[in-house]
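Asks: Using the hints provided, position chains B, C and D with the ligands relative to the given structure of chain A.
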Amino acid sequence: MARDAKKLQVVKPAKASGKKASAAKTKAEARADAKPQVKAPAAPAAPRPQPVSAFKPIITHSDELPLDRQLLLSMHDTMVKARCLEERLIAMYKSGHGYFWIGGPGEEAFNVPLGLLIKKGQGPAFDYLHFHYRQSATLLAMGEEPLGALRQMKNTATDPYSGGRNFAGHFSKREWNLCPVSSPIEVQYAMAPGTAHVQKRFGGDGITIVTGGDAGTAEGDFASCLVWSSRPGQELPVLIIVTNNRWGISTPYGQVQGVERLSDRGAAFGMRTKTIDGNDPISSYLELKEAFEYVRTERKPYLVEANVSRLYGHSSASGANLTKDEPDCIELFEEKLDAHGVLSRADAKKVHERYFDEMAELARQAREEPLPEGDSIWNHVFFGEGPADPLPRG
Amino acid sequence: MARDAKKLQVVKPAKASGKKASAAKTKAEARADAKPQVKAPAAPAAPRPQPVSAFKPIITHSDELPLDRQLLLSMHDTMVKARCLEERLIAMYKSGHGYFWIGGPGEEAFNVPLGLLIKKGQGPAFDYLHFHYRQSATLLAMGEEPLGALRQMKNTATDPYSGGRNFAGHFSKREWNLCPVSSPIEVQYAMAPGTAHVQKRFGGDGITIVTGGDAGTAEGDFASCLVWSSRPGQELPVLIIVTNNRWGISTPYGQVQGVERLSDRGAAFGMRTKTIDGNDPISSYLELKEAFEYVRTERKPYLVEANVSRLYGHSSASGANLTKDEPDCIELFEEKLDAHGVLSRADAKKVHERYFDEMAELARQAREEPLPEGDSIWNHVFFGEGPADPLPRG
Amino acid sequence: MANMAQAVRMALHYAEERLGVTDIFGEDVGPPLGGVFTCTQGLKTTWNSPLDERGIIGMAMGIAMAGGRPIAEIQFCDYIYNTIDLLKLAGNTCWASNGQWNLPMVVMTPVGSGIRGSIYHSHSFDASATHIPGWKIVMPSTPLDAYGLMLAACREQNPVMFLIPKALMRMKGEELIPGEPGEDKALSKLIDAPLGDRSTWKAQWPETGEVDIAIGPAKVVRAGSQVTVVSYGRTMPLCRKAADVLSGEGIDVEVIDLRTLWPYDWATLKASIKKTGRVLFVNEDTEVTNFGEHLVRRTTDELFYELLAPPKLLAGKFVPGIGLADPLEAASVPQEHDVLAALRELASLAP
Amino acid sequence: MANMAQAVRMALHYAEERLGVTDIFGEDVGPPLGGVFTCTQGLKTTWNSPLDERGIIGMAMGIAMAGGRPIAEIQFCDYIYNTIDLLKLAGNTCWASNGQWNLPMVVMTPVGSGIRGSIYHSHSFDASATHIPGWKIVMPSTPLDAYGLMLAACREQNPVMFLIPKALMRMKGEELIPGEPGEDKALSKLIDAPLGDRSTWKAQWPETGEVDIAIGPAKVVRAGSQVTVVSYGRTMPLCRKAADVLSGEGIDVEVIDLRTLWPYDWATLKASIKKTGRVLFVNEDTEVTNFGEHLVRRTTDELFYELLAPPKLLAGKFVPGIGLADPLEAASVPQEHDVLAALRELASLAP
Ligand SMILES: Cc1ncc(C[n+]2csc(CCOP(=O)(O)OP(=O)(O)O)c2C)c(N)n1
Ligand SMILES: Cc1ncc(C[n+]2csc(CCOP(=O)(O)OP(=O)(O)O)c2C)c(N)n1
Ligand SMILES: [Mg+2]
Ligand SMILES: [Mg+2]
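Chains as they are written, first to last, in this note's numbering: chain A, -16 to 377; chain B, -16 to 377; chain C, 10 to 360; chain D, 10 to 360.
So here's chain A without its partners, still in its complex pose:
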């Protein structure tokens, strides 16, 4: 995580703010900066956890923001980058350069801090990731190049996640323990205890992170995850996340579920739970940090519900048009950064412009790349075996 934060600080914020000082930082200084000074009290290790967060929410209107300036800038930078990527994907869809869009515009304030806190790598020593389809911002925060997402949108053979086989936003990257994002809702919650089980036995501080939406918690798999993560003496190091945008396609959350706070679902299982403000990257970062530290060190589950926005509707199936009815976490954050003299409106605008151009250019590149061949359907039916049609063709 330090590695990522450093990378982000040395490179992007320098570009973003254009300030020599920060650009000139030595690696050592940068690394130091990477450790944010948390102003809020650490979570008490309550014996029997309460359904509500024991962690006091950050008062973000205090004069001094509780996170390091470089981290704030890098988070803003990545949030904007992710937004520009998603908006480019939507533009590609609307101009016929892709068949279907689904993604995470509106969740950047939560997804970027999440990505920064992930221990990236392959194998049980690192974090296993069972994501859903709205997390391009998390991948970018982990250091992923945006080109792959654009290629997947155009379903080219070069799509690094599925080779043109799967929908946009369906990432998969084994070198980072990023398990394939599945279209079926909630199945990732049934698999997550499995990777966490191996990590529990392996030791170390690698954990499993699983994410999904609010509507999906109605599936039994969400409950299965709670059951399997909390077996007595076998509690698993899994960070169970629900991003609550209060929608399931066209269905308002309150119309179909009577659970006031989804994080309460964990209480009966004796696990630590909290509901946080996913529209505020600062509070998200600090709340997630506390949860990550608990799961990494205690090797026990933690259920975090994050309230987020859905800014372009459910998917291209519902038009993928910007809504003004929901708070835009980037607008809110820029307001705050400006008010606290961290980043001016003008400089923020530059960040948007830069990434707009960058994504447009990358999209042009992706659009030119070839599609997979029909015969390639026989590739990877079985791992470690060559392509083969099992039945002869007349």
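Hint data in this document are derived by calculation from the structure and do not stem from the laboratory.
Keep in mind that a hint or two might mislead.
Calculated cross-link-like contacts (lysine-lysine; reagent style DSSO-like; alpha-carbon spacing at most 30 Å) [to be verified]:
1) C/Lys181 / A/Lys307
2) D/Lys211 / A/Lys183
3) C/Lys53 / B/Lys283
4) A/Lys77 / C/Lys181
5) D/Lys53 / C/Lys279
6) D/Lys53 / D/Lys211
7) D/Lys181 / B/Lys77
8) D/Lys283 / C/Lys283
9) D/Lys279 / C/Lys283
10) D/Lys198 / B/Lys77
11) B/Lys77 / B/Lys333
12) B/Lys103 / B/Lys283
13) D/Lys194 / B/Lys77
14) D/Lys211 / B/Lys307
Just so you have them, the derived chain B footprint on chain A, three or more residues with Cβ under 8 Å [stated by the list, open to error]:
15) 212 to 220
16) 246 to 253
For each residue, glycine too, the CB sits at the ideal point set by N, CA and C.
Replies: For chains B, C and D with the ligands alone, kept in the frame of chain A given last:
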């Protein structure tokens, strides 16, 4: 329910105690008796229910028992009757007059009160029953004849529940809204909201009752039942019951589930919940009565966990032998009835002897009856259509 | 002319009004969306369910047990596979209770490829469904059949699986549904929900009537003498087109739309195969343990000595999914040229 | 000689010790019971899971993703039907990720009738399993094959479905597993958990070795020249017995144990059918959309002109369940007399 209680009082206790006085009761008197004088305070209609019962547990060691004498006697009578039935089924299995046994010896103190409180009949005006395979005592308390269970054990064509097709304890009786007991664990929790949904629209005071074991709550269907029963404005009149014997076949509850009190699973859904002593028929009756009244009148769900014993192991697969490690609710009850001068040891013994003989006689009858014919497999593939093999036989 | 989505909608309206349908529900089935394919817009008894397919099927079973008449939608059949145990239970409840209980319920779900749905919006369900006893299974390929079969399904005493080919959802019919206005725009004005705010919108239902379409009978879509092709769903129109093309080549193909997969109309198939001596079965489900293989088996069982050529199956390739990129989908499930090639070869085989 | 439960147990022990198996789990799989059929008694890595089949399959997938080697048991295949979506996902994970991820996991589950299991302890799973791409599917009919196929499954890079015929669980083999003591009681003393308290019991594992049994090859159990019968699982011994009876009647039957259902050994089947010109496929799954129908289709596809009689399938009747009463079970799934009758008829058909 009054009808059943009356029946039980006028007939069985009279037989049981042999007291002229009670035997001579008029129907009117009997009906009056049927309404037990509840000594405990009624449940407060708390706006937001707590996970734990708001209903004070009955102090059963008080001098006066909080239920009408005739009701106590009739409950005891049916509990013994049910035990004798189950023990006869086991005897049949062990002597080769059946292939598989599973049933409810040890749950009589809970299952009999449950049966007495059910509103018996066909259609949404009456209670719908989604039971599991340990509830012969509930059926007997509802007034069912024991012969059917013995026939099912011998898988005779006369088996009224499945015509010799299904295992013992797999009851089904449409005239009483008793849905077929299914071997697959927990699916009844997925169906129960459906009958309750119709009843909610129908009005009246008919409710849905669903029962299952503790281990089964790990299945997603248990969570589905909680979700579907508590939709805002669509809360359903369903009494959700878990009989917790702390076993799933050979697996101790505490080894695989971290939920301290299973009733807590309902808390997040804003439903009323409690855990009760299923080994005490008096407390079971009063706790269930409160829950039934709440669901009937409020038309909202109630989750009740009852702690019960498993006296003959899981099933014939595990030997079906009596264990001394778990409390026997009938022994405990008879101690209490004797101590309070309601029923002497000697009279209790007579009840056991009478039902022992009765069940032995009925078993002899069932054993002689013919099995279904092979050709009958084609009956009832489709409702309302004659038997037909869809494929011609060479 | 109504398209299939509109036809289903009109049938559901008729069923609400006259056949006692009490609940039409599923994910996003109620207002404002009225279903991801608009099949349930403007109806009286629709409601949005939690996102829980097991809960949806369980709810339908419970409603049916309590005397209601539910129509449950699984948004895409790709998401029905965690409910197979419940579907099996629905199919054996009458049998297991020795005839006591029946479940008059309809499960409708969009199936198949053809909308660039990638791995999880392209599944077929006919193979899995036909392996579950106790269900009646229908799959229309025209709006009129969809209308008629839905009415029949809503009168049925047993569980009915109503499979809707996604690719044909927007295809207009050639035959009028009795009562529908002949002119497209007119129908759309009446029963298609407007874009934007729908809070005050109400559908204006045309007075549609009964049709003579039952669960069971197949339909000879085109009479022919040399080769029989039997299909259903998305591949049905491909077979018709292919037959037209081949008639130009002097190959006379009889085209049969099975419509009901179970219990299916063997008499009509048998008569046709006896006549032509050559049969091709076409569907798009993956081809191993495929319902078309049952039909091939039935054919060899009963007509082996009358066949002029081996009975053939053209179905989806046995791959784990249908890829998003066009070349992948085209290579995975039957296209018109595949049907043409298969029929040409079958016609050319010497007895 | 070991019975099948003991053979599986010895294979799992070998796999724990030498093939890197990390977790053998499922309902009642761990101590004290060691599985409802005793297949997992005395092993090192067994544990009891919550009663949640979806959780079990999900856990296995996760363990495999993280580099473990899980063997998950579904207590009876009758209870696997709410996990089909997960099984499909396991089967398409490699394909959907374009070859990045593989899931080396084994799911083992008892299948079939023959223990008076009534409606929910008699299901077959071969038809459903063979319709799921991305899995290898095996089904032994002898203890030695069970031992060898389990070793092969534990070396496999892809998901393997290991189907164990319940009815054969206690049947002793005719061939020794290398290293097992020849004398029954001896083996039982070593590896069968005692009745009563098992808290201090430890299995004494014999040093069993490798066998030359791979996923794929079928086995010609009995050479014959006039009729080919292909089967697997419970019905396999019935076919062997029938062949012996028929040899007395001058009918020479070749008996093939398929053993691996996917990918199956077509070469061996093809050679036999070419030789005899007559083939009967026997399994006990319900016969509509049945894997045997795929084999019939494959046969007509490739060998139509070499057949002397129609390829036949003998399978379970298409009824919603297998009833408890003996006459019901006997009428529902193939018995020895059914196999005899089917073979006699097939042999008698004039070309
Ligand atoms: C098992 C399953 N059922 C249905 C769908 C169709 N579907 C895709 S997204 C979605 C809504 C998901 O809502 P939520 O879980 O809140 O996540 P969100 O999209 O709001 O982030 C539905 C119903 C699916 N993909 N998988
Ligand atoms: C879905 C399913 N999985 C597994 C089984 C096998 N099985 C039968 S009873 C049982 C244990 C049930 O335990 P619990 O739910 O606590 O009920 P109890 O028998 O203890 O009353 C199991 C695993 C089953 N019948 N259904
Ligand atoms: Mg949502
Ligand atoms: Mg239990």
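Asks: Now tell me, hint by hint, if it's right for this structure.
Replies: Results of checking the hints against the structure:
Taking the CA atoms of C/Lys181 and A/Lys307, the gap is about 37 Å. The hint is violated against a cut of 30 Å. This hinted pair checks out: D/Lys211 and A/Lys183 have alpha carbons roughly 26 Å apart, not beyond 30 Å. A distance of roughly 25 Å separates the Cα atoms of C/Lys53 and B/Lys283; the hinted pair therefore holds under the 30 Å criterion. As the CA atoms of A/Lys77 and C/Lys181 are separated by approximately 26 Å, the hinted pair is consistent with the 30 Å bound.
Simply put, D/Lys53 and C/Lys279 have alpha-carbon atoms about 58 Å apart, too far for the 30 Å limit, and the pair is violated. Proximity of D/Lys53 to D/Lys211 is assessed by CA-CA distance (about 10 Å); at most 30 Å being required, the pair is judged to hold. Taking the CA atoms of D/Lys181 and B/Lys77, the gap is near 26 Å; set against the 30 Å cutoff, the hint holds. Only pairs whose Cα atoms come within 30 Å are accepted, and D/Lys283 paired with C/Lys283 is accepted, the gap being roughly 27 Å.
Between the alpha carbons of D/Lys279 and C/Lys283 the distance comes to roughly 28 Å, so the proposed pair stays at or under 30 Å and holds. Proximity of D/Lys198 to B/Lys77 is assessed by CA-CA distance (about 26 Å); at most 30 Å being required, the pair is judged to hold. Distance restraint check for B/Lys77 and B/Lys333: the Cα-Cα separation of roughly 25 Å lies within the 30 Å cut-off, and the hinted pair is therefore satisfied. Taking the CA atoms of B/Lys103 and B/Lys283, the gap is near 20 Å; set against the 30 Å cutoff, the hint holds.
With a C-alpha separation of about 26 Å, the suggested pairing of D/Lys194 with B/Lys77 holds against the 30 Å cut-off. The straight-line distance between the Cα atoms of D/Lys211 and B/Lys307 is roughly 27 Å, inside the 30 Å bound, and the hint therefore holds. A stretch counts as covered by a chain when three or more of its residues have a beta carbon under 8 Å from one of that chain; for the segment 212 to 220 of chain A and chain B the count is 4, and the coverage holds. Note: the segment 246 to 253 of chain A has 6 residues with beta-carbon separation from chain B under 8 Å; the three-residue rule is met and the coverage holds.
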